[in-house]
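J.: In case you want the letters, here they are:
Protein chains: 4
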Amino acid sequence: MNSFGEIFKLTSFGESHGVAIGGVIDGMPAGLEVNQQAIQHELNRRRPGQSEIVTARKESDTVKILSGIFEGKTTGTPIGFVIENNDQHSNDYENMRSLFRPSHADYTYSMKYGARDHRGGGRSSARETAARIVAGALAKQALAKYGIEVFAYTSQIGDIKLEKPYTSFTSTDVDKNVVRCPDDDTAAKMIDLISKVKASGDTVGGIITGVVRGCHVGLGDPVFGKLHARLASAMMSINAAKGFDYGMGFDGVNLLGSEVSDIFVKNSDGEVHTSTNNSGGIQGGISNGEDIYFRVAFKPVATLLRDVETIDTQGNNVILHAKGRHDPCVLPRAVPIVEAMAAMVIFDALLLNRVSRI
Amino acid sequence: MNSFGEIFKLTSFGESHGVAIGGVIDGMPAGLEVNQQAIQHELNRRRPGQSEIVTARKESDTVKILSGIFEGKTTGTPIGFVIENNDQHSNDYENMRSLFRPSHADYTYSMKYGARDHRGGGRSSARETAARIVAGALAKQALAKYGIEVFAYTSQIGDIKLEKPYTSFTSTDVDKNVVRCPDDDTAAKMIDLISKVKASGDTVGGIITGVVRGCHVGLGDPVFGKLHARLASAMMSINAAKGFDYGMGFDGVNLLGSEVSDIFVKNSDGEVHTSTNNSGGIQGGISNGEDIYFRVAFKPVATLLRDVETIDTQGNNVILHAKGRHDPCVLPRAVPIVEAMAAMVIFDALLLNRVSRI
Amino acid sequence: MNSFGEIFKLTSFGESHGVAIGGVIDGMPAGLEVNQQAIQHELNRRRPGQSEIVTARKESDTVKILSGIFEGKTTGTPIGFVIENNDQHSNDYENMRSLFRPSHADYTYSMKYGARDHRGGGRSSARETAARIVAGALAKQALAKYGIEVFAYTSQIGDIKLEKPYTSFTSTDVDKNVVRCPDDDTAAKMIDLISKVKASGDTVGGIITGVVRGCHVGLGDPVFGKLHARLASAMMSINAAKGFDYGMGFDGVNLLGSEVSDIFVKNSDGEVHTSTNNSGGIQGGISNGEDIYFRVAFKPVATLLRDVETIDTQGNNVILHAKGRHDPCVLPRAVPIVEAMAAMVIFDALLLNRVSRI
Amino acid sequence: MNSFGEIFKLTSFGESHGVAIGGVIDGMPAGLEVNQQAIQHELNRRRPGQSEIVTARKESDTVKILSGIFEGKTTGTPIGFVIENNDQHSNDYENMRSLFRPSHADYTYSMKYGARDHRGGGRSSARETAARIVAGALAKQALAKYGIEVFAYTSQIGDIKLEKPYTSFTSTDVDKNVVRCPDDDTAAKMIDLISKVKASGDTVGGIITGVVRGCHVGLGDPVFGKLHARLASAMMSINAAKGFDYGMGFDGVNLLGSEVSDIFVKNSDGEVHTSTNNSGGIQGGISNGEDIYFRVAFKPVATLLRDVETIDTQGNNVILHAKGRHDPCVLPRAVPIVEAMAAMVIFDALLLNRVSRI
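Protein chains in written order, with my numbering: chain A, 1 to 358; chain B, 1 to 358; chain C, 1 to 358; chain D, 1 to 358.
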């Protein structure tokens, strides 16, 4: 229940204010030369405190790899790793013990398990996603060997939309600014909006677009393991995600079949392509070699910097006084998480595809 | 790869024009009194030829249960079943053998497996979903024991939107008309649109809304097995699905956190509820006892009743002449499939929840 | 719970006196040319009524394949199949309904599930193994492509032991006689013993030896998925199996490490081998290229052709009067089952090994 | 591939001479009060250096739990833990880099993965089993809540056999002496034998008997998940295990069915039992409430304290000069591992059994 993947599989553990979080990556094939700095770089992209528009919490998020890599290469054995929790401030959360924050997991965890680690959300904290970043960073390095690149970017914050299509951008455009929108003008508007929302003690949501370039033909399975079903599951498992679509997605429902069919063409090299890509690079659940692109909707998160009404564990009405340091908008830090989960899905599908023919 | 579920698990098999399709349902607990007519009723809701706005193909879709039910009750052993393919007309498809239909799975299957059963889409045909209907019908019957009801309905066709919220409807409203939109006025417009699209040899997409009422608190798992991630995976595994969202979904991205927080309230019976339900009945991946609601976007399907350009397996340009009998819009027949997949997810989560406490 | 395998996976269904038994084989790669007669041949080797020393029940055990094979080749999609139950005689078993046969599964099934299909053992009947034969036969055909051969034979019945080692035999020796002991002199003694035991209304156990020749180096996983752990699980899942060992097995406990070390040698072709094979072809859970050999102990089955004391479902003492047609010794018919399960394990491990390196 | 269990699942990681070993225990239900000292106690029973008859290596084997336990109780979230490797002495193993020790995993790992961590066996070292001890200790604590006890003991070393049956002993007898044979006279002979073998630089094998007392009726699944198949897989995954049997086991093959049937009796409390227990507490794969007992055969391990011939990675003949500190007999330290694996299997089956009825 805390594992993701079929062959390339992450099992994560850890609460936000326990000793450490971490995980085990099973199924990484042997022989991959690992760039450990690149893993840390991805963690730094998710790290709190990286800019003015994200939470001011300080966590170094330093990963320590415990096994599975020997003399710089993967050995085929499981890769265990830990990230210590430095900034625990557990006492900050004592007032959370006996109340349920609205639109959080406090109530549901307590009802399911009979109790919960109330400090900072415990297991429901987005801190857990740091473990996914580690696995995703390794998946990215493996995919690079096969010429496959995964990237994501912020394409909407509140009502500020990036109008340019994904085809306008490459992975190198993502980190040009702190909101991770590859168009600087739109980014400036987004940053401005987040700053205002933050100042008012509120939060705002948005959309992240993910892209997979260079994906081989044949990844994904026909029925339940459709590549986009795997991506949907991956994306919807990210904290605050509320929606997923791919290719023409929700926008396609207004169109006619004759408007959206992707006609096959053979290019001058004899390669088969489609002249349009409404399918989003996946047909019948299997990649067709075109770019895969998808969107993930994130809600405005529930932790406000203002007082909110709620109930305590006895059902009494109480006022939750805001304190702590929170993200007014999770998207800038969620971009690398979307990338990580997508990379895990694609690499897993690539490995699974090795057993599709005798 | 052809299985769905953790405890309550369907493994399906079968091509649209092979001998039969079918499946094995493993993990159905013992002791459920089974209404076999109700299973057939659900199959009839998905069956081709049921109205003027769906394909005219004739399949009786009669399920034959081979095991796992004894003297009217489930025994705890696997339930094997088959549905014979009556209307095979395989020769109709001989022209498909050597070409790739646009926006279909023909190309990707061929590339992945080196060959394919080209007759009517083979395994990629939506005919496979009949097996899901059987498993879903059993899950529905099990859920009814726990007071949980799952239903779905057509909420958009092309640009015709049902404006009333899901709270206006119950399961008994769904089958009032052939398009399965519970509001008759909107349904009439939808039927009209589909008829026009059909007449022009084209296809149209839309949105299905799914609802789970009476869901117990505590279903779903914290991280990768979030209840909405399971639903997303289930829905995106349905043929022609392009998007999924739940609760406020994509519409929530424009709103502020302060606008969407679901405040907890205690009702007169001492039960905890939320005064609004932007969360869609799931918080932190776990059901909170409120209604679960979600949307699934379906594309206009690619099989047109007009000639289309495409390529053959050698890469030559060819014209695919329309023939056969196809759905101008898949949504009316997809409603029971959405219900079936949702029922499977919820029942599986209910069983899994039995091991959450010592 | 009714599935076996990781990649190449059989899910079986069916009770001995229901409509049919069958299964779904998922994960068979595309492109294997299938010899359907060879599948039926394996079923015939397991079939009741094949000789004087096995049960006289008549079942044609004809397999009907429903999907996954097209124009003589596997397509990569799941292979569904059924075997109808012809010789149901359900009324023969009416007296079983309310009593628990000693050393059978009647009591435990009833306690676990609250009820059971009492006819002929229902799901606990060895009839279920016919589904494994089908999957095993396909695995054998796939393994043959890789030069790997799996066979098994009866090496002990009661106290009649075959003294010659497995190295004396090949797969062609197995079916020389009805007891499936490859040495005719020993076989004659075994047949004689079984005949006497049968005449006295009793049953007798024995040992089956399994062999894998031509196994590639590298199959199996280091820790929980050791190749011999997979074989042990496979063999112990066969009805009436009570023990498993491999290589030197239980006999090795009396020996010293210096006596049993398998020294590596390089042969004239430059291939690495071991000069002895006490390891049984597996070291550290991974195949080393030598022959794999193992033993499976089978108990004398509990269904006697004489009256036995037992209790009914109310706990009253009753006498169970023998009737029906039963095997005095299951080993002759269990030989193909051991082969089938071993073939499934080895082929699955071969597929899994494709993801061991980047 | 490095996970064990269906619901209660351990994923282990770590090489013997890496930074640390550890694991993640997923599926532990919430609400279990955890005795951390008892976990450490079990680790101490497996620890090197605990007596004269085991390896003199020094490892403190101190477990550090990182998550999943809050204020003394399990929370239902995954339990991550690490055990640091203190006594690394990696240079001791430099000579192992380029050679393959006979009857070890060196050759097979290298062939499978293209390389290996050669230090002390890396992942193939029995050091990995410390992670299983942690999970097993938690399973034992959970089972105690249900009145179920798991224990194991040394029943044979070389040709010194304990003649008394398992019914003579309880869990408190196991640790009376360093060889963990509950009969002091037999234990003295075993210790003497191991001492002699050690003095000669050799190793010796033996048999461990495992017992489960108080097991509820109904654990285990009918077909592939038979309780004894799960136990077999568990036991055969332990380093140096070569064989497994349960109940009458291999000894039953010489007996007649009429001699071994376990007749049901109703005792004065109205409980159903069997008058004998040749079935070993499992019938049809499902526990019947009687004691479960089984045997595991261990080979004399291959690491001798004398020079042995072998080949290097180039295939040249070389002499491996003994050094390091090794176990002349693994059984005394394997007893807690057998217990741990059995506890994991039984607890997992107990949880799975919660979904057997509607």
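Just so you know, the hints here were simulated from the structure itself, not pulled from any lab data. Be aware that one or more of the hints could be misleading.
[Stated by the list, open to error] With the Cβ distance kept under 7 Å, some of the chain D side facing chain A (calculated, not the full set):
no., residue
1, Val19
2, Gly22
3, Asp117
All figures in this text were calculated on a predicted structure; none of them were measured in a lab. Glycine residues also receive a C-beta, built at the ideal position from the N, C-alpha and C atoms.
J.: Taking the hints in turn, state whether each one holds.
T.: To see whether the hints hold, each was checked on the structure:
1. Val19: At about 5 Å, which falls below the 7 Å cut-off, the nearest Cβ of chain A leaves the hint on Val19(D) intact, so it holds.
2. Gly22: 6 Å, holds
3. Asp117: 4 Å, holds
Checked against the numbered hints above, the structure breaks none of them.
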